[in-house]
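Protein chains in written order, with numbering that gives the first Met the number 0: chain V, 0 to 104; chain X, 0 to 104.
Derived from the structure by calculation, the hints contain no laboratory data. Here the structure is a predicted model, which is why all the values come from computation and not from measurement. Errors might be hidden in some of the hints.
No distinction is drawn between identical chains; accordingly, a pair holds when it is met within one copy or between any pair of copies.
[To be verified] Under the rule of at most 25 Å between Cα atoms (straight-line distance), these lysine to any residue pairs were calculated in the SDA-like manner:
| # | residue 1 | residue 2 |
| --- | --- | --- |
| 1 | LYS50 | ALA88 |
| 2 | LYS50 | ARG94 |
| 3 | LYS50 | GLU96 |
| 4 | LYS50 | GLY95 |
| 5 | LYS50 | ILE6 |
| 6 | LYS50 | TYR32 |
| 7 | LYS50 | ASN4 |
| 8 | LYS67 | ASN35 |
| 9 | LYS50 | ASP2 |
Number of protein chains: 2
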Amino acid sequence: MADLNEIIHQPVRLRIMAALVTVEDETQLDFTYLRNLLDVTDGNLGAHLRKLEEAGYVELSKTFVARKPRTYASATTRGRRAFEDHVAALEAIMRGEESDGRKND
Amino acid sequence: MADLNEIIHQPVRLRIMAALVTVEDETQLDFTYLRNLLDVTDGNLGAHLRKLEEAGYVELSKTFVARKPRTYASATTRGRRAFEDHVAALEAIMRGEESDGRKND
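If we strip away everything but chain V, and leave its shape as in the complex, we get (with noise of 0.2 Å):
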């Protein structure tokens, strides 16, 4: 059976791991951006970002622009494959490729 990623099937986590994997590799994307984007709130988004973060899918960095403090988030290599293998699960099972198999079995 097509393996769905918990981690990213939640769906903000799927939709920050989209903007950060579809951007160029290493492209960091700063958190007001991806607040508005996914229009959540800070607390939601924050929450999200942290448990990427510690599945090893995001990379946080933190910064001060004009004395203020902004936080960017990237995706990591081993994020991106974890993206890319997610992505792949759901296509399988959107082509209804889990009954096709097992008719097979």
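Since the structure of chain V is provided, determine the placement of chain X on it from the hints.
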């Protein structure tokens, strides 16, 4: 932002809908077949099927075979449409279309 359907996004329900939608129109799948395909317990499958039935996405019918009750599930027209919309939303997210769109805001 692409709209994910929360009822369908849940992994077991996503797999149920994929299995039901990728068979021919009005084909019914047997409860036991689905349970084995998805590798879930009776209780788990039953709960998710009821949730899909409540949403109008799945039709359940009970019949007796050799005096034993058998449950069959099929996707409704509404369920097929909801699944297709969900797949389209997932594909848009996975292609990173959300972030592209954002740049034009």
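Structure versus earlier hints, numbers of those that do not hold, lowest first:
none
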